[in-house]
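Take the sequences, apply the hints, and build the full model.
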Amino acid sequence: MFTIFVSNKRLIYMPRQKRLRRIVNPPHYTGFHPVGVEGDALPVLIPFEEYEAIRLSDYELLGQAQASVVMGVSRPTFTRIYESARRKVALAFVLGRPIVFEGGKVYFDSEWHKCNGCGCWFNHPQKSEPVASCPLCGSSHVEVCDVIPSDVDLAASVKELCVCSKCGFQKPHRHGQPCKNETCPMCGSPMRRKN
Amino acid sequence: MKVAITSSGNSLDSTLDKRFGRCSFFVIYNLESKGFEVIPNPARDSQEGAGPAAVQLVASKGVSKIVSGEFGIKIKPLLDSLQMQLIVLKEADKTIQDIIEMLNHKEV
Numbered sequence: 725m726f727t728i729f730v731s732n733k734r735l736i737y738m739p740r741q742k743r744l745r746r747i748v749n750p751p752h753y754t755g756f757h758p759v760g761v762e763g764d765a766l767p768v769l770i771p772f773e774e775y776e777a778i779r780l781s782d783y784e785l786l787g788q789a790q791a792s793v794v795m796g797v798s799r800p801t802f803t804r805i806y807e808s809a810r811r812k813v814a815l816a817f818v819l820g821r822p823i824v825f826e827g828g829k830v831y832f833d834s835e836w837h838k839c840n841g842c843g844c845w846f847n848h849p850q851k852s853e854p855v856a857s858c859p860l861c862g863s864s865h866v867e868v869c870d871v872i873p874s875d876v877d878l879a880a881s882v883k884e885l886c887v888c889s890k891c892g893f894q895k896p897h898r899h900g901q902p903c904k905n906e907t908c909p910m911c912g913s914p915m916r917r918k919n
Numbered sequence: 002m003k004v005a006i007t008s009s010g011n012s013l014d015s016t017l018d019k020r021f022g023r024c025s026f027f028v029i030y031n032l033e034s035k036g037f038e039v040i041p042n043p044a045r046d047s048q049e050g051a052g053p054a055a056v057q058l059v060a061s062k063g064v065s066k067i068v069s070g071e072f073g074i075k076i077k078p079l080l081d082s083l084q085m086q087l088i089v090l091k092e093a094d095k096t097i098q099d100i101i102e103m104l105n106h107k108e109v
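These protein sequences, in sequence, are chains A and B. Read left to right, the first sequence gives residues 725 to 919 (the working numbering). Read left to right, the second sequence gives residues 2 to 109 (the working numbering).
Careful: at least some of the hints might be erroneous.
To be verified - Not everything, but these chain B residues come out facing chain A in the computed CB check (under 8 Å): (1) Asp81; (2) Leu87; (3) Leu90; (4) Leu104.
To be clear, the hints were calculated from the coordinates, so they are not data collected in a lab. Cβ atoms here follow ideal geometry from the backbone N, Cα and C, with glycine treated the same way.
Pasting the structure below:
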């Protein structure tokens, strides 16, 4: 982040816009209330991305790197969200305050699956039922996938590309995954950011 | 059950249109009656809000699944809340006929 001294107040006063966090399974209830506490204590507001961070890390037991891919943010961002969530829960526990889930820079999505039969991606809005087969070709070779098809498009459409240093192969850059950690699927060499 | 397929033309030999909001036509295929209808997309040339307008159109036809090449970020949560299933097919040259055959094959 660099600062240019121009009379553009936006640059100096407003923080950077947050990337929308992807919420796959929001809570089905509004919050928690401590038992045995009288009166109306001020609730602790937990945004949906923090709930999702706890769900992915502490319930689904994903690693933070994997969870950040599911949420569609970078690994450090996920860690910050998760840390904030844990501290709020600790605060609510210790001070006996109710928890309310509300707000957050999020968009709601369902889990994406990929079909190995026909190569299509599909989502699954009926979250209560398990996924058995592909809705297009009926094949049962389906698997949950982390890469959301639109992320691949968006990066390619703004021409964010990883390029192989050896053979020149290019692929769309995945946000939050540094190009230098990617290997070229053609020749196996390390890749770098194209610019 | 009805399926909407984005199409680049108004016949069964047309190829799948890669975009949902700005596609040329929608083919609404009825899995039970095996019938289909083709409707042009009025939101195709609108400057903004093509996606949500297209969602309204297919929702009014009672569709429960949509097949297309890509969906914009404004409509994925909308379709999720309407409980419509999205199917993304990245292969460029599947015809509507191919897709209908795949859907029929599945029922058998």
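These are the hints, each one checked on the structure:
About 5 Å separates the beta-carbon of Asp81(B) from the nearest beta-carbon of chain A, less than 8 Å, and the hint is met. For Leu87(B), the interface hint holds, since its Cβ comes within 8 Å of a Cβ in chain A; the closest pair sits about 5 Å apart. For the restraint placing Leu90(B) at the interface with chain A, the shortest Cβ-Cβ distance is roughly 5 Å, inside the 8 Å limit, so the hint holds. Interface restraint check: Leu104(B) against chain A, minimum CB-CB distance 7 Å, threshold 8 Å, status holds.
Of the numbered hints given earlier, the model fails none.
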